[in-house]
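Kindly generate the complete structure, drawing on both the sequences and the hints.
Residue numbers (this note's numbering), protein chains in the order written: chain A, 1 to 237; chain B, 1 to 292; chain C, 1 to 338.
In case anyone wonders, no lab produced these hints; they're calculated from the structure. Quick reminder that beta carbons are idealized off the backbone N, C-alpha and C, glycines included. Certain hints may be false.
Computed list of lysine to aspartate or glutamate pairs in EDC-like fashion (alpha-carbon distance at most 20 Å, straight line) [to be verified]:
#1 B:264 x C:255
#2 A:187 x A:29
#3 A:8 x A:96
#4 C:44 x C:166
#5 A:181 x A:141
#6 B:88 x C:211
#7 C:299 x B:114
#8 C:164 x C:176
#9 A:110 x A:96
Using C-beta positions, here's what the derived DEER-type ranges look like [what the hints assert, rightly or not]:
#10 A:61 x C:328: 39 to 45 Å
#11 C:152 x B:158: 58 to 64 Å
#12 C:225 x A:114: 55 to 61 Å
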Amino acid sequence: MTAMLNVKDLRAYYGQVQALHGLSFSLNEGSLTTLLGANGAGKTTTLRAICNMVRSTGAIEFEGKPIGTRSTENVVRLGIAHVPQGRGTFTNMTVEENLQLGAISRSDTKAIGSDIERMYEHFPVLKQRYTQQAGTLSGGEQQMLAVARALMLRPRLMLLDEPSFGLAPLIVRDLFRILGKINREEKVTILVVEQNAQLALELADQAYVIETGRIVMSGNAKDIANNEDVRKSYLGY
Amino acid sequence: MELFANQVLAGIATGAIYACMALAVVMIYQAIDHLNFAQGEMAMFSTFVSWQLMQWGVPYWGAFVLTVAFSFAAGIVIERLLFKPLAKAPILTNVAGFIALYAIINSVAGLIWDFTIKQYPTPFGSSPFLGSQLISTHQAGMIGITLLMLLLLFFFFRFTRVGLAMRAAASLPESARLVGINTSWMIALGWGMASAIGSIAGMMIAPVVFLEPNMMLGVLIYGFAAAVLGGLSSPFGAVMGGFLVGIFENLVGTYIPGVGNELKLPIALALIIVVLVVKPAGLFGRAIVKRV
Amino acid sequence: MSAAEEIVTEAAAVEAVPKRAMTLGYGTSLVVLAALILIPLFVKNFIIFQMTMLLIYALAVMALNILTGGSGQFSLGQSAFYAVGAYTSAILMEHAGMNYALTLPIAGIVCFGFGFLFGQPALRLSGVYLALATFALATAMPQLLKLGYFEHWTGGVQGLVVTKPDAPFGLPLSQDMWLYYFTLAVSIAIYVASVNLLRSRSGRAFMAIRDNEIAASAMGVDVALYKTLAFGVSAGITGVAGGLGAIAVQFVAPDGYTIQLAISLFLGMVVGGVGWLPGSIVGSAFIIFVPNIAEGISKGLSGAVFGVLLFLVIFLVPHGARQVAIVAQQLAAKLKKN
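Next comes the structure, spelled out in structure tokens:
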């Protein structure tokens with residue numbers, strides 16, 4: 001397997017404050033990787049740096065191409081979908097318009113309709129509400145919508161930022177099941193940032209643990225889940 | 001009662017001017033999230049360009065189309081050159097930029113075309129419309145053009161991909177970038193469209209108020225007021241707001257004693273503010289619920 | 001990296017300026033003060049008059065700055081408060097024969113009341129809506145002053161001529177010079193009071209409202225009271241400036257207080273730096289001198305030259321004079337280190 005995303009020595013800054021201190025990691029094509037860490041460890045910043053939404057230095061390569069200097073929208077156009085924290089739902093538009101927006105940068109406009117239908121299969125709840133304002137959906141439904149919107153890009157790589165945040169456990173399970181399915185069936189490489197380490201490790205095959213802007217551990221998700229020391233000191237369960 | 005009906009009708013006729021301008025105001029508000037104080041001047045300049053073209057012998061509709069195209073391009077150029085560099089500056093600094101642009105355009109137009117009042121032609125004629133002395137065929141034509149623009153805008157925003165992208169960029173720029181929309185260019189496009197709509201407004205208004213560099217001053221204020229009254233998020237509301245402001249203005253002038261021409265504006269504005277105090281999002285606007 | 005960022009707030013119209021950063025350091029203040037005291041001794045009367053106007057507009061700009069930079073409310077209606085202040089002073093002096101110095105506090109109080117009352121309906125409005133409401137006030141004011149009903153007091157369209165005061169106690173000062181020092185004393189008093197106000201409990205309440213209204217009310221700040229209070233204070237100071245202005249130009253007339261004045265004051269605030277009180281004097285200098293400079297460069301295109309100069313300023317320093325001060329401070333700190 002070749003590395004699809006290669007990040008080397010990533011440093012990111014918010015104004016004068018340095019949030020990442022030389023992060024290096026890589027994602028294999030078709031993998032489902034999770035990035036774990038406590039509050040303030042730099043998980044969100046890592047995802048934002050990949051999409052160039054925060055000032056950063058270091059090398060980021062996607063499928064062999066350096067993407068560090070591309071603007072956010074041009075990174076996305078390469079096939080990297082980013083489901084941001086807070087979901088980024090266009091609340092004053094309908095569910096269907098949100099899905100169309102997901103595909104807005106695609107040139108194969110003919111296939112968009114059928115892709116929307118496919119999303120309704122993955123997430124039946126969205127079909128019931130497709131003319132409704134997205135802002136009226138519940139938190140869980142909005143998260144489904146955010147994932148569906150990202151998939152409308154037909155991404156090669158999907159970045160998810162704390163999809164479980166603020167959702168009821170049952171809904172989180174459901175969401176993670178769908179993510180696993182998408183990863184297997186649609187061959188989308190996934191990088192998911194999570195605070196809910198237990199669930200994320202069940203879902204993922206690879207895991208990285210970061211602390212204060214540095215990677216402190218990496219490896220097979222199962223190994224990390226089984227390593228009690230790591231669990232106690234970094235993951236808190 | 002007949003007086004009242006007549007004044008309402010006359011109000012609708014003047015309101016058409018405001019409606020036209022308000023549409024341009026809403027357009028720019030959608031794109032950049034604030035009001036552009038130089039918009040009236042941009043429209044005035046465009047109108048002068050069309051006048052100049054006609055002086056050179058271009059027929060009305062030819063000049064019309066060329067001017068709209070010119071204005072669209074000029075709007076984009078102004079944004080790229082002057083306001084893109086200010087994208088990260090505070091909002092109030094941008095407002096200062098609008099004022100600077102206002103001063104520049106007004107002054108340049110005055111230098112090129114001087115400050116004398118000029119006649120401006122109308123393609124619709126100016127005979128009474130359907131036998132009514134209160135609305136001329138020009139005013140009827142202007143209402144028709146305004147409604148046509150409204151319809152086109154509705155279709156553009158509702159059914160085209162670019163329109164959808166523009167709405168997304170305006171409402172949540174960061175999310176828009178995350179679906180691959182170049183939000184910076186969407187803003188430029190918004191400027192171009194607002195400028196084009198403004199030029200149409202200018203060409204429709206000029207036969208009524210006559211052409212001169214300060215022709216848009218009052219119109220823009222009423223246009224703002226109309227857009228705000230109708231709700232800045234709604235093109236339909238803006239047009240309705242335009243007609244309402246026109247009617248307001250006429251009724252105030254007719255029924256409140258001692259109101260000269262000069263106090264009409266403050267009183268109309270005060271009425272609008274009363275409406276806004278009761279309905280802060282405007283009559284047709286969508287209330288935005290703020291979260292902490 | 002999560003809970004704190006998850007909550008998305010709408011960006012405030014005015015960025016947060018910490019209260020320390022709203023004023024000047026001790027040393028710099030003294031240098032500026034010395035310059036303001038000494039320069040008039042060496043220049044011509046006309047320049048002294050211009051310096052008086054500089055202080056007066058600086059006061060008015062600062063008043064807007066307290067409202068916008070301090071409490072986050074926007075006003076295009078400052079010219080109306082300025083006019084009320086000017087007319088209050090003028091009428092009291094000319095009709096009631098009151099001493100000019102005594103008219104100023106009255107002008108301030110009248111405008112405070114006016115601003116406070118106007119702040120009530122303005123409470124329901126924000127952003128462009130507030131801009132429109134205050135704009136309406138600014139356009140209405142000259143027309144109201146022209147009304148025949150008040151003509152006996154206001155002099156109608158003609159306005160009122162105001163007598164310029166002599167220096168008291170037989171001091172050997174020209175009228176212009178006396179008025180300048182008088183204005184300077186008033187300005188310093190108001191500046192010091194304003195700085196203290198912003199550093200006080202009320203000032204913190206203003207800033208809390210500016211940064212996040214809902215959070216401020218959750219902390220127990222009486223948002224309605226402080227917002228109207230900010231309007232009142234701002235109007236009051238503007239009123240005093242208006243009174244001083246009436247005395248300085250010896251004349252009040254409705255067309256001296258149009259929306260153009262309000263726009264000038266707004267530009268002065270932006271150029272000086274929103275939320276930075278000392279910048280007010282820089283902004284005031286900009287609105288007084290740059291139009292003249294523009295006129296000097298090209299008579300026919302003075303508007304365009306003014307616009308271009310304004311663009312240059314906001315391109316170079318989008319945050320106004322405050323930005324220059326910060327850069328200077330950093331440079332000074334670097335020099336000290338070396």
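Against the structure, the hints:
no., hint, in the structure
1, B:264 x C:255, "holds (17 Å)"
2, A:187 x A:29, "holds (8 Å)"
3, A:8 x A:96, "violated (38 Å)"
4, C:44 x C:166, "holds (18 Å)"
5, A:181 x A:141, "holds (18 Å)"
6, B:88 x C:211, "holds (18 Å)"
7, C:299 x B:114, "holds (14 Å)"
8, C:164 x C:176, "holds (9 Å)"
9, A:110 x A:96, "holds (16 Å)"
10, A:61 x C:328: 39 to 45 Å, "holds (43 Å)"
11, C:152 x B:158: 58 to 64 Å, "holds (60 Å)"
12, C:225 x A:114: 55 to 61 Å, "holds (59 Å)"
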